[in-house]
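Asks: Note that this note's numbering has the sequence shown beginning at 6, numbered continuously upward.
Mixed in with the good hints there might be a few duds.
To be verified - Derived lysine-lysine pairs resembling BS3-like cross-links, with alpha carbons at most 27 Å apart:
#, residue 1, residue 2
1, 455, 385
2, 383, 455
3, 225, 283
What the hints assert, rightly or not - Taking CB as the label site, the calculated pair distances span:
#, residue 1, residue 2, range
4, 192, 124, 15 to 23 Å
5, 466, 271, 34 to 42 Å
6, 393, 206, 56 to 64 Å
What the hints contain is simulated information worked out from the structure, not anything from laboratory work.
We treat Cβ as the ideally placed atom computed from N, Cα and C, and that holds for glycine.
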Amino acid sequence: MMLLFESSDRINHYNRFISLAVGLGSFTYGYCSSVIASTIGQPGWYEYFHLPLEHQPGYATTTTQAIATANGLYSTGGALGSLFIMWSAQVYGRRTSMQLGAALALLGGALQGGAAALPMFHLGRVLAGIGIGILVTVCPMYLAELSAAPVRGVFVGQHAISLVLGYTFAGWIGYGCYFATRISPSFAWRFPLLFQCLSPVLLLICSIWIPRSPRWLLSKGRSDDAWAVLQRLRSVPGSSDDSMASKEFHEIREQIRLEEARLASSGHNSWLAAWTKKSYRKRMFLGFLTQWGAEFAGPLVINNYAVILYTGLGVSGSMPLLLSAVWLTTAAVIYNPFGSWLHDRTNSRRWMFLTGLFGCLGTTACLVAMSAIYGDTKNKVGNGFGIFFIFLYLAFQGTFCDTTMYLYVSEIFPMEIRPIGMGFSLFGQFAATIILLQTAPIGFVNVGWKYYFVIIAWCIFFIPSKSTFSSLTINVANKACKKTASLTLEEIATVFGDEPEPSPMMEASDEGDVKHAEKVRVV
């Protein structure tokens, strides 16, 4: 965890605890999303549900449909969860929504691990999907609202690091359980699925000690509680200076008051404002396209169907599961932590994202070439290069795309529509995964490596030039993606044209008048 190594004058121990606790929700998303990859590599799973193995009669119809349904239902649940958070995070808050997501993920994992029939397994996938749809939306939003501007990249970056740790655990546990097949085929596929329940339980326990978002508290008029949270978050070891917390407190409160006044004068509620106000509407589509675009670059296709891909490149037995686990470990140990660290130093979410997309496009194209020439052959060198490009793909996706996609959408929305914007953005991610994960196994069976052209075509279309999105009046990287690094969430409003109005209280707080803050905080 990169946050553990940040200097203590920037992030205190309380911040570290919150990051680790919320990281359990991100870990849950990663593990639940990836566990299906090892499940379809366990012979016992096919045997228990009477599903034909590859090259057996009925595989192309019965088995691929069962796998596609499992992934499709999970992604559908995720889409529903991301839409639900648009309402729940506003009404009940970020922490309560996080707890609900953990409870649903726990129930879904238990149903999958204890499934007596395929419909029960699929029901568990839906419930787990709803839970992780909530978690993957609310966790980065919560972290963004609690972090200080100079370290928001590394703070919210813990979400990307934790989720890929979940992927990694799923890979290694699946690989280890493969060798239990001879002893207990049922244990080999049930234990990894039941392991889904551990991190939600830990999150539910730890959530008792994490605070509510100070921004949400202020939006509900709970000034005392918000001030207490901010004081503790911004406290510096060995110092009693509250000037940083005071300034941030006033800035947040004034911005919320301004947004509420604008809503009242327009006669709109936050749901209407999200679509009727031009600067808000632009951010809604920007967030959706950021998540959709990153996901349609294919990371979950490679992860969830790794066993199928490596088998097509001449690898068999336990080796596909091992390669998948090693592949994910490189992201957890190198790429995502490095990307998280890099964000607060490059000062450009836009070019981080573009670099990642260009890399995904190039490596996928090379993988297509290797698969077309050497796939299903015994040419070890050619197939080895195919595997190499799968690994190189993750270097770009993990370092540049994975860390950017969640960070950027968590910081571009104003307080009044942040849950709505985040929910709609993550709905874009799940909409993309529904399409890809539902069609990929069928596509690989029927057209093989040609299925990658879906991903390549999208990357070519999505990587922006000045003309790419002219018809949509959105240029995702060159015009629409504003620089947000090192700005507070309230200052980011000015970047998108929502100029905040200064107030005497804000000016006083700029001077570090802590006594004045103590007087006005109870108003």
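Asks: With a cut-off of 27 Å on the C-alpha distance, tell me whether residue 383 and residue 455 pass.
Replies: 20 Å, holds
Asks: Take a quick look at whether residue 455 and residue 385 sit within 27 Å of each other, Cα to Cα.
Replies: 21 Å, holds
Asks: Is it true that the CA of residue 225 sits at most 27 Å from the CA of residue 283?
Replies: 26 Å, holds
Asks: Residue 466 and residue 271, beta-carbon distance inside 34 to 42 Å?
Replies: 36 Å, holds
Asks: Does the Cβ pair residue 393, residue 206 satisfy 56 to 64 Å?
Replies: 39 Å, violated
Asks: Is it true that the C-beta distance of residue 192 to residue 124 lies inside 15 to 23 Å, as the hint says?
Replies: 22 Å, holds
Hint 6 alone, counting from the list given before, is not met by this structure.
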